[in-house]
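Novice: Sequence:
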Amino acid sequence: MYENKTKTQDSWETYWRGANGQVALTNEGETDPALNIFWEGFFKTVRTDYAVPNIIDIASGNGAVIKIAQKILGKLDFKLTSLDISESAIKNIEKSYPKIRGIVANATKIPYESTSFDIVTSQFGIEYAGIEAILEASRLVSVGGLLVLIMHQRSSIIDRKCSQNYKSIQLLLNSEFIPLSIDMFRTGFNAVSGSDRQPYENAAKKLAPSIKQVEDILNSYGTDTADGTILKLYEDIGNIHKKIQYYDSNEVLEWLTNMKMEINAYSERMLSMTNSALDNSDMAEITSRLEENNFMIEHKENLIGHNNRLPLGWTLVARREPD
Numbered sequence: 313m314y315e316n317k318t319k320t321q322d323s324w325e326t327y328w329r330g331a332n333g334q335v336a337l338t339n340e341g342e343t344d345p346a347l348n349i350f351w352e353g354f355f356k357t358v359r360t361d362y363a364v365p366n367i368i369d370i371a372s373g374n375g376a377v378i379k380i381a382q383k384i385l386g387k388l389d390f391k392l393t394s395l396d397i398s399e400s401a402i403k404n405i406e407k408s409y410p411k412i413r414g415i416v417a418n419a420t421k422i423p424y425e426s427t428s429f430d431i432v433t434s435q436f437g438i439e440y441a442g443i444e445a446i447l448e449a450s451r452l453v454s455v456g457g458l459l460v461l462i463m464h465q466r467s468s469i470i471d472r473k474c475s476q477n478y479k480s481i482q483l484l485l486n487s488e489f490i491p492l493s494i495d496m497f498r499t500g501f502n503a504v505s506g507s508d509r510q511p512y513e514n515a516a517k518k519l520a521p522s523i524k525q526v527e528d529i530l531n532s533y534g535t536d537t538a539d540g541t542i543l544k545l546y547e548d549i550g551n552i553h554k555k556i557q558y559y560d561s562n563e564v565l566e567w568l569t570n571m572k573m574e575i576n577a578y579s580e581r582m583l584s585m586t587n588s589a590l591d592n593s594d595m596a597e598i599t600s601r602l603e604e605n606n607f608m609i610e611h612k613e614n615l616i617g618h619n620n621r622l623p624l625g626w627t628l629v630a631r632r633e634p635d
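In my numbering, the protein residues as written are 313 to 635.
Since the hints were derived computationally from the structure, they do not count as laboratory data. Glycine included, every Cβ here is placed at the ideal spot set by N, Cα and C. Warning: the hint list may mix true and false statements.
Below are the DSS-like pairs computed for lysine-lysine, each with C-alpha atoms no more than 25 Å apart in a straight line [unchecked claim]:
1) LYS572 - LYS612
2) LYS403 - LYS383
3) LYS403 - LYS387
4) LYS421 - LYS479
Restraint ranges, calculated between C-beta atoms of paired labels, are given here [stated by the list, open to error]:
5) HIS611 - ASP591: 16 to 24 Å
6) THR535 - GLU633: 19 to 27 Å
7) ASN606 - THR535: 50 to 58 Å
When you get a sec, could you build the whole thing from the sequences and use the hints?
Specialist: And the structure:
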């Protein structure tokens with residue numbers, strides 16, 4: 313999904329490493345019914361137009377597009393390949409869809425010959441690697457075949473939500489709420505075990521301003537910001553603190569350490585989403601480059617979310633013309 317192995321790539325690996333891709337901090341807007349409607353309509357045309365379609369889905373993530381392809385194409389004799397740079401994402405997909413061929417690869421260097429596939433798809437993924445990845449995907453499309461993409465859009469509902477989440481998470485990280493909580497719990501558990509209480513009281517005093525900062529974040533951005541994780545973290549730490557004597561110190565400290573890692577990864581994902589969002593000039597360049605490579609743009613529109621006037625993202629359908 314990304315050009316090089318970076319902390320952004322690592323953040324997505326952290327995300328998909330969760331049980332079947334299910335982790336506390338998720339992507340925004342990617343379960344909107346409008347997405348299913350788009351792909352169901354598209355794959356119905358595939359079922360009509362192709363006897364044995366050969367399809368590759370790029371930056372598959374949790375396999376959202378694959379799931380709909382399987383549903384609509386049904387018993388049709390088709391070939392489906394899933395590609396993602398995250399090994400965990402591919403393992404999750406192969407576990408859920410044993411007949412699908414999974415490939416771990418970079419979207420800018422896809423290990424297939426040109427014109428190998430009738431249909432190339434991607435939903436909220438390929439744009440992370442930039443325009444060159446989109447052109448690399450187009451290279452795979454056979455003559456008469458289709459490139460079908462849904463991509464993040466600047467000022468879309470997803471872009472705005474991701475931007476807000478990033479800001480609130482950055483404020484949380486800057487408050488040092490988690491590391492200060494770790495110090496407070498470490499000394500607190502020692503105090504419960506009979507050690508000197510002074511280090512605990514000092515740690516609790518240092519944490520107090522951070523607690524106020526977290527409360528300010530929730531007041532400013534709402535309790536649902538970052539999927540409600542900031543609120544839950546705030547409440548859980550408070551509840552554990554009230555009944556610290558009933559908790560296992562190792563479990564609490566491990567939980568907080570893991571949350572710190574996950575929140576850092578989430579911050580990187582939110583930033584990568586906002587950075588990858590495409591505006592009108594970006595789309596104009598993409599369509600121009602595709603037309604230079606003998607593609608006819610059949611469809612380029614905003615995908616409007618269910619019961620929402622703001623778009624979810626860009627939809628692009630391009631067909632490769634004969635040379």
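Novice: With reference to the structure, classify each hint as holding or not holding.
Specialist: Going down the list of hints, with the structure as the test:
With a C-alpha separation of about 40 Å, the suggested pairing of LYS572 with LYS612 is violated against the 25 Å cut-off. A distance of roughly 20 Å separates the Cα atoms of LYS403 and LYS383; the hinted pair therefore holds under the 25 Å criterion. Between the alpha carbons of LYS403 and LYS387 the distance comes to roughly 24 Å, so the proposed pair stays at or under 25 Å and holds. Using a Cα cut-off of 25 Å, the hinted pair LYS421 and LYS479 is violated, with the two alpha carbons roughly 33 Å apart.
Between HIS611 and ASP591 the C-beta distance comes to about 19 Å, which sits within the given range of 16 to 24 Å. The given range of 19 to 27 Å is broken by THR535 and GLU633, whose C-beta atoms sit roughly 52 Å from each other. As the Cβ distance of ASN606 to THR535 is approximately 51 Å, the hint placing it in 50 to 58 Å holds.
Comparing the model with each earlier hint shows violations of hints 1, 4, 6; every other hint is respected.
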